[in-house]
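The primary structure of each chain is shown beneath.
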Amino acid sequence: MDLSETPEMAAFRREVKGFLAAHQADYCGGAAKDPLAWQQLLVAHGYAARTIPREYGGYGAAPDILKGRILAEEFISAGAPRGMAGQGISMLVPTLLEVGSEEQKLRWIGPTLRGEIIWCQGYSEPGAGSDLASLQTKAVEDGGDFVISGSKIWTSTAHAAQMMFALVRTEPEAAKHEGISYVLIPMDTPGIEVRPLKTMTGGSEFNEVFFNDVRIPQDQVVGGRGRGWFVANTTLKHERGMLGDPNATEARLNALIELMKSETVDGQRVIDNPVFRDRLMQLQGRVLAMKFNGLRIITSQITGEPAGMAGLIVKLQGCELNHQLAALAIDALGELGILYHEGSHLRAKGRWQWNYMFDLGLIIGGGTAQIQKNIIAERGLGLPREPKPAAV
Amino acid sequence: MDFSLTQDQRMMQESLTRTVAEASPLERVRRFASDLTDSGADIWRALCEFGLPGIVVPEEHGGLGLGLLDAALAAEALGHAVAPTAFMEVVLASIALLRGGSPEQQAHWLPRLASGEATAAVALSELVAGARDGAGVSASQGVLSGKAFFVQGGMTADLLVVADTTGALHLVRGDAEGLSRTFMPGLDETRRLGELTFRAVAAEPLSGGPALLDALRDAGWTLIAADTLGAAQAMLEKAVAYAKERRQFGRVIGSFQAVKHLCAEMAAELEPCRSLIWYSAYAYDAAPGEASLMAAHAKALTCEVARFVARTSTEVHGGMGVTDLLGLHYWFKRIGLNRQLLGGPERVREIAARLQGLAA
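Protein chains in written order, with the working numbering: chain A, 1 to 392; chain B, 1 to 360.
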């Protein structure tokens, strides 16, 4: 155990701090004024796409988990946007690097990193949620093309995306997990219809996407025909890592502490109410524990050892904790916490209320809490899988 | 940055776990719990051969010269086996001597504590957890008067470290005139608590005042959290083993999600506590400015999680869980004792808030 910072890391931290101080005018309130320019600036400095090889448009640095962590910490503490973090950058690019063809890497990674191509993910279907491998959207060979029909759901950013990476059934006769291919679909192809899916937040963070005989060339398959399930598992690994970032959770805790210090009831600060204060301290203990759990995972990534139980629990615990932080914020706001949309008494533009509702979706998405518990029990504790039901 | 245990620490963990399993199996714990004349001397000897009592004592005084993280790993192994020892008390007394003792006091006591020849107990409860039933020790001109409660290992300790009502600390010999000790029968029979009565008892002052008390409190919180982690981890392992073995409705019960998810919840809650305890122990030696807050959260969170684990593991065992035959209750009760010792979670969290200026 040694958490001291080497001179090299301390210098890197100073460099990042210096960069953020120099470019403070380019962002405010956690958002970039010109997201595309900001993204390209970050890539040029190696603060985004840091380890992506140069020939594919990245910065080409050797993987360095510590520098990655320093970047995460400094950007969060400055309130600076981390650049684009859509599903294209966080999920498709790592997948292409791992299993894509050379041509696919050259064609897609660069424009994705620069923010010129926005991607959406086409995995879940109305009939295939937790049981994702039962998906039915099919791609039938016709000439040199695939013709796709079916529908996808929970597709965030589909309305803004130029491209989709999707799982489709190409081998209907093959076993459930072996008949799936991972394909890249241009969203302007005729026959695609995107319908926004309005959620409880009042916004449309997700969409439904319908495919009506959508024709794409066969060379848009990534990782080989019938290999899609295994390709997707590479990607899901990246998604689950993304959903429990302890730096973001700590930032939310700090915002909550400030809220409880500034809000008053009958002239008394919320933090001076011992019941609220105790709830805050309970959550602070959990946030700290997940923060150090994150350091353990980072260390295991550096040494190449499996993170074991510390890694398996992140999605379940992290998403739950984020939701509970938002819940306490709403309770601390009391009747102010039931305001929404707009108005002079609304706090933080309704951000806490929005998080409270939206985070429930994150507890469900990317593998529900119940699926996470199966994974923890089966892979982490070695408990047996549920027996397959007899065929009916 | 390296947030992991060293090779040496992992080896110590493994061999200590073996040593404790041999010296203090469940049948041995049972005998200790049912017989007040059983001092557990053989268990203590096995730990002494390991060098455990001197874990934080510098080598020049005959100890191992290790840090609080090493002591926490040892406490975890002892908690895992619900071993009946006064390990934490010796560590706290050693820290008290190292930080607040004169060279003479150190030279006299540290080698004896490190070898296991002398045992120790600490009377901090009134200052940390709060005074009950009028307890409290006052000091006047080197003489102590009053009462101290819930002193673990206090019935037999050769050396007592006693906090007076101002937070100053004193050394008292176990055979001092005017000191009487009354056994306080408790829920966890692997721990023996004493009520100490001081009637004009001669004491030697330690320097350091309330800052030393805080240091003992922080180390105590961290070690209690580690003991609790070990006990809770053992209960989780027992639940999982039972769920893989016990069959109902033609299946092992661990294949039912209703049972499987309980096990997953225990693991998911417990694993982050391990990380927090490691950091708390590390900070105690390497980042003293953070130590108090981390120790408070490690103690409060681990005790909350362990209560959930204790109850849930018992439930996974079904009716067997509540029997004496299985002996699961020793772990359940250890977790219950640790929760209250040196302050329950509510009190400890209030101190955590105060440490950050969030409470008056």
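Hints listed in this document are in silico derivations from the structure and should not be mistaken for laboratory results.
These figures come from a predicted structure and were not determined experimentally.
Honestly, I wouldn't trust all of these hints.
[Said to hold, decoys possible] DEER-style ranges, computed between Cβ atoms:
1) B:R18 - A:T199: 50 to 56 Å
2) B:S34 - A:T368: 44 to 50 Å
3) A:G79 - B:D158: 36 to 42 Å
4) B:D35 - A:Q301: 47 to 53 Å
5) A:T6 - B:E22: 41 to 47 Å
6) B:E14 - A:Q301: 19 to 25 Å
7) B:Q340 - A:T264: 30 to 36 Å
For glycine and all other residues, C-beta sits at the position ideal for the given N, C-alpha and C.
Tested hints:
Checking the proposed 50 to 56 Å range against B:R18 and A:T199 shows it holds: the Cβ atoms sit about 55 Å from each other. About 48 Å separates the C-beta atoms of B:S34 and A:T368, a value consistent with the hinted range of 44 to 50 Å. Roughly 57 Å separates the CB atoms of A:G79 and B:D158, a value that falls outside the hinted 36 to 42 Å. One distance hint, 47 to 53 Å for the beta-carbon pair B:D35 and A:Q301, holds here, with the actual separation near 51 Å.
For A:T6 and B:E22, the Cβ-Cβ distance of about 42 Å falls inside the hinted range of 41 to 47 Å, so the restraint holds. At roughly 24 Å, the beta-carbon separation of B:E14 and A:Q301 lies within the given 19 to 25 Å, and the hint holds. The beta-carbon spacing between B:Q340 and A:T264, approximately 35 Å, falls within the hinted interval of 30 to 36 Å.
Checked against the numbered hints listed earlier, the structure breaks hint 3 alone; every other hint is satisfied.
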